[in-house]
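Trainee: Take a look at the letters that make up each chain.
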Amino acid sequence: MSDATSGNSGPNTDSEQFGSSTDNNGPAPDSGQHAPTSEDGGTTAATGQPQNIDAAQTASAAGTGSAGGSAPSDGNGNAGAQAAAPLKPLTMENLLREFNNTMDLKYRDFPANGVTAVYLQYMIDADQLYRTLVLPFSGVTDEMAGKLLEQAIFERANTLEDAVYAILYGSAVVFSGDRAYKLDLTRSIGRSIEQTETETVIAGPHDGFVENIVENLALLRKRLRSSHLKTVSLAVGEVTKTQVVVTYIEGIANQEFVGKVTERLKSIEFDAIYEANMLVQLIDDNPNSFFPQFVVTERPDAICSKLTAGRVVIFVDGSPSAVSAPSSFFEFFTSPDDYYQRWHVGTALRLLRIVGFIITVGFTAFYVSVTTFHYEMIPHKMLLNLTKSRSNVPFPPLYEALLMETTIELLREAGARLPTKIGQTIGIVGGIVIGQAAVQAGFTSNVLIIAVASSAIASFVIPSYVMSASIRLIRFPLIFLAGIWGNFGLMVGIAFIVIHLSGITNLGSSYMSPIAPMNLKDWLDTFIRGPFSSLRYRPSQVKSPNKQKNKMRK
Amino acid sequence: MNEMRVCCLLLLALTSAALLLTGCRDEKIIERMGFTRTVALDFPEGEEDKTKLKVTISIPKSEPVNARIVLTTIAQSNKEARIMFSRQNNRQIVSGQLRTVMFGTKLAKDGIWKHIDTLVRDPSIGSKVNVVVVNGNANALLQRTYKQFPSTGEYIEDLVRTERASTEIPISNLHTFSRDYFDDGIDPVTPLIKESKEALSLDGIALFRDDTYVMRVEPQKSLLFNFLHKNFVTGEVVMAMPVQDGEQQRVMLSFVASNRKIKIRHPKTIRGGKDITVNIHLKIRGEVLEYHGKLNLQKSSDQRELEKRMKAYVEKETKLLVEKMQKQRLDPLGIGQHARNSMRYAQWKKLDWREMIPDLKFNITADVKIKDIGKLQT
Amino acid sequence: MSEKLNGYHVAFIIVMIELDVTVFSLPRILAENLGTNGWIGLLLLSAIAFANLGLIHLFHRVGRGRSPFEVAEQSIPRLLLKPAYILLAVFWITIGSFVCKKYVLIYQMVAFPTTNANLLYVLLAALAFYLLIKGIYNIGKAMTIFFYFTVPAALFAFYFKGQWELYRFTPFLLKGGTEGHSLKNWLEVYTIFVGYEISLFLIPFAEPKSLFKGVYFGHSLTTSVYVLLIIVSYGFFSFEQLQAMMYPLLNLFSYIELPFLNRLENLIFTLFLFSNLASLVLFGWMALMALRRAFPKARKNMLELILIAASLGIGSYPKILRDSEIMLRVVLYLETAIAFLLPAVLLVLAVYQARGKTPKPESGTPV
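Protein chains in written order, with full-length UniProt numbering: chain A, 1 to 554; chain B, 1 to 378; chain C, 1 to 367.
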């Protein structure tokens, strides 16, 4: 991998900071700050291991010390050049040196006035380039060029680092004399806005976030026309320097949470971030929990409602999902749909999801427990049918259940990996054929098939895919426990989950809100979806300074 | 990190415990069990040895429909019998699904608490197990197959349940039996069944003195007994009144609501049963849809006449029934409970209630009203 | 630990520590010791418990919200206190262990006759440890959820409407107990409330305003759950039958038949695993607090581990149900005494300290 990196983007680029890291990696290239040459790149490529995170910390110090000399090594180029800035003057040469071995780096000069522009060819919009740069600067005099550069779209770049970043994010850097300017020429890359596949609703807006953060923020701004909507941009990922935008509504969001989120984002020292769901795992309070801790959604309407509820939302460039924080466990069971239906229907849906949750978690386990230990709990008529269906099954209910559950998971996973049409076929063929055959072959009882299938279906009622996957996973230990200790084991398992859940914090607030800490007003918008007139307050979990959200007097 | 370590620790504890546990077998995997559904207990026929017990159990099989296994043995006790059955059967015999326990007349007349006690004590047995007395031989009844009906065990349950719904018989299960057995102000009752040629039938109500079966209420009288026994609302009852004006009258009452009120009167000091007056007031309301007799029910005066006749009938017959029970020193109606509630604790404890029963003075009044006569005018 | 326990959680903590496996034999205990209409006696006893809580409340006032340990350490030399702390800790973990062990033994009787009871106990202890290390705030949250799992089972009481008769109550007031009335009888009933003294130790961890609201609410909630169950039992069972049965509530719930599920006692009794686990954890937490004071420099989670290890040892001691009942009863008697004595002593100390001080006392500084 480092090969590629070095080849294209000139490992030296961001060298400085990482320069320090280089120290750790390969002390050899002490060749001085300018050392970075293609050879260096080469070296890096060779030695280049993913940057050492600790190194980054100490980077600045080291950087200064060794004159950033070690810089080159960072094949992985952790960009954060801050340290280096004072060391390397912002000159054309330095800039080009940063980008050596970068075939897509282009520069264009205007001999008439000595202006030179440097940019990454595929990152920018050629049309814009022509209109804002090529056309105006062609054939104008020095003086005129100087005037042109005073336009607001040209922004002074003061440091080399600044310039490097600007180029990496899709700007052109324009040199004129000893000054450098940044000109944003970003081109929108990626698919255009379309419906999300994972979170569809029947009624309600059908647009979804896409991979392009610019589009996403535009979607957001279109929905939330408020100057209080703040967007703070950060770069996360030592190598990828992914743009991450923290948004919140000033005056509604609790600044404490905003601060915590920003702080945690800043403290991430991970080489690459590709997805919001990935980012989430780097900033949550309990990385070892099996439950997702921040709601991640691709729906702009959902994100807007989170923002107006006082939550902080994080966008990640390159990811169609946005993160909302803090979240509570029960938030994963809500869907924007609930608010678009009449409140009775919305309430019924929420309750249905909670029933779905219970079925998913407990149904198969309970089946195992009852058929293995507590036969007396089965009503007589049902018992005869159960015995009949189980009479040919050679293994105890525990194995039977594990077998079927695994099969269902296999089917689900296979279906998810394959193109939609094949996936469907697999589902049908697998589901019906295997199910039918398994029963006929005396492999499982048909009652179990019902239990397994209904708990699988019930798990998909949960709107959050991540949560539903987690819940499907915790079924297995529960089935296991139920198979060894019956109801006792089942309860032990549930107790474990409860204890685990109550220990989880979410940006320091409780994950189990509004059950614990208890807030009955919140129940109106958690377990049921009360009529809008009753939803008067923002959720207690977000500790909003502006608590009331509904000022209508009935 | 800490969390992680704790999780590991817990997992370790769990798995090691699980491993240790394999070996102990408390598993009761359903298809390996034989669920006793019905138990019949009786003395062995033709033997006078009262320490022996003949036990029959019926274990339903899932296939074919209505098939069952019937096992019979002679043992000292019900529990011992179970061990013997387990030896005979390819499945482990368990009693968690027990639904009915039947006692033969002979055994019931000897006292059944011993056996009820074992059943109540067993944690695997629920408290909603029907208790039934068989008029005749319980074992024989359970062993027989009644072709037109589902397997015998289920048949008995259905019979008891439907008859209970139509209030031919009072509720009787392990719970009610032991409740009334322990209570010093009431005696237990159970339904009585008997086998006929083709089917089983309800044969009235068995009244117990403590735990011994002493008196039978005939099926024709069980309705009257129910009026006295409790409040109820039910579908239909037939009142077959005796010949009057040279004609048998039958009234079919629908949607009957019967309400009894018991009032006890007695002086401050009670010297004997004679001092205690028991006033029972029965309020019976029903719809008359079928009537065989001379009265013309379209006329309200005749309706009133019918009400009067029914009232007289109920009062007379219940009085007879009560007298019969008094003679046997029985109190299945729970008069004792009401008497107890009407006096002081020490006073009640001093009384020998059982001995006082024959002397109690009963006043039974009935209030029978016809709610309506249905949709037809004429 | 930044957050303080809110009144609701205090209430649930109180309910969960008071509610334990004893509730299954409660109607019998009442019928045996107090006789007819035992629920009235229970209300009286609950009032006494309220008085005791009042005592703790008073201590809270006088001590100006200082923790009992601070107050004690201010007037009593640490040398004396340390063994007392250790003793108390051992004692409390013993109570928790005995309660849990009794539950496990009954469970064994009901469902796992041949499984080693200690094995089941290990499971509970492991859970207790997992919860214990999370701190009281999270314990409070867990208790809340456990509460929702356990207590609604009491609503099944309404299932018995048809079989419930008022006249089984009899008009006799507290008559017919098996041994007549004695302090011991009343004490035995009183022990079902044991556990509320945890409020004493909650003082530094709860919002001062809502702490005692929660405590009183929790205790009344427990009392009403008890009274509900007792009233149902007294009207459902005959009085003499109640006295004859070991665990009337097991019989009560075994009467329930739902169309899709029979014999609910299996499920409900298993649900009570939560409340017994809660008792173990909360008593364990009290023990932990005492141990922390005795060994302030102990390593993180070390004391918890020691406590649970001790609990395993203690819990494995009662091997049969009969022994377990007797031992549990003895420790509960002692605990009742402690519940009264501890706040009383502390109150005296607090009053003394408040007097001996200049108007503005600094909390925590030794005299």
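No lab work stands behind these hints, which were simulated from the structure alone.
What you are looking at is a predicted structure, and each value in this text was computed from that prediction instead of being measured.
Treat the hints with caution; some may be incorrect.
Capping the alpha-carbon separation at 20 angstroms, the derived lysine to aspartate or glutamate pairs in EDC-like fashion look like this [as the list claims (entries may be wrong)]: (1) A/543 with C/165; (2) C/4 with A/194; (3) A/381 with B/157; (4) B/349 with C/188; (5) A/388 with B/63; (6) A/543 with C/179; (7) B/369 with B/287; (8) B/350 with C/240; (9) C/175 with B/352; (10) A/381 with B/158; (11) A/260 with C/240; (12) B/349 with C/32; (13) B/349 with C/207; (14) B/230 with C/165; (15) A/381 with C/257; (16) B/261 with C/240; (17) B/350 with B/157; (18) B/350 with C/179; (19) B/109 with B/48.
Trainee: So, for every hint listed, does it hold in this structure?
Mentor: Hint by hint, here is what the structure shows:
For the hint pairing residue 543 of chain A with residue 165 of chain C, the CA-to-CA distance comes to about 51 angstroms; that exceeds 20 angstroms, so the pair is violated. Between residue 4 of chain C and residue 194 of chain A, the direct Cα distance comes to roughly 46 angstroms. Violation of the 20 angstroms bound is thereby established for this hinted pair. This hinted pair checks out: residue 381 of chain A and residue 157 of chain B have alpha carbons roughly 12 angstroms apart, not beyond 20 angstroms. With a C-alpha separation of about 26 angstroms, the suggested pair residue 349 of chain B and residue 188 of chain C falls outside the 20 angstroms cut-off, and the hint is violated.
For the proposed pair residue 388 of chain A and residue 63 of chain B, the alpha carbon gap of about 7 angstroms is at most 20 angstroms, so the pair holds. The straight-line distance between the Cα atoms of residue 543 of chain A and residue 179 of chain C is roughly 58 angstroms, outside the 20 angstroms bound, and the hint therefore fails. A C-alpha spacing of about 9 angstroms is found between residue 369 of chain B and residue 287 of chain B, which places the hinted pair at or below 20 angstroms, so the restraint holds. With a C-alpha separation of about 17 angstroms, the suggested pair residue 350 of chain B and residue 240 of chain C falls inside the 20 angstroms cut-off, and the hint holds.
Between residue 175 of chain C and residue 352 of chain B the CA atoms are separated by roughly 18 angstroms; this keeps the pair inside 20 angstroms, and the hint holds. At roughly 12 angstroms between alpha-carbon atoms, residue 381 of chain A and residue 158 of chain B fall within 20 angstroms of each other, so this suggested pair holds. Distance hint between residue 260 of chain A and residue 240 of chain C is unfulfilled; the C-alpha atoms sit about 64 angstroms from each other, more than 20 angstroms. Distance hint between residue 349 of chain B and residue 32 of chain C is fulfilled; the C-alpha atoms sit about 17 angstroms from each other, no more than 20 angstroms.
Of the pairs offered as hints, the one joining residue 349 of chain B and residue 207 of chain C is violated, with about 54 angstroms between alpha carbons and a cut-off of 20 angstroms exceeded. For the hint linking residue 230 of chain B to residue 165 of chain C, the alpha-carbon distance of about 11 angstroms falls within 20 angstroms, and the restraint holds. As the CA atoms of residue 381 of chain A and residue 257 of chain C are separated by approximately 13 angstroms, the hinted pair is consistent with the 20 angstroms bound. Taken as a hint, the residue 261 of chain B and residue 240 of chain C pair is broken in the structure, with Cα atoms around 24 angstroms apart against an allowance of 20 angstroms.
Taking the CA atoms of residue 350 of chain B and residue 157 of chain B, the gap is near 41 angstroms; set against the 20 angstroms cutoff, the hint is violated. The suggested pairing of residue 350 of chain B with residue 179 of chain C holds, with an alpha-carbon distance near 18 angstroms, which does not exceed 20 angstroms. Annotation: proposed proximity of residue 109 of chain B to residue 48 of chain B holds, straight-line Cα distance about 14 angstroms (limit 20 angstroms).
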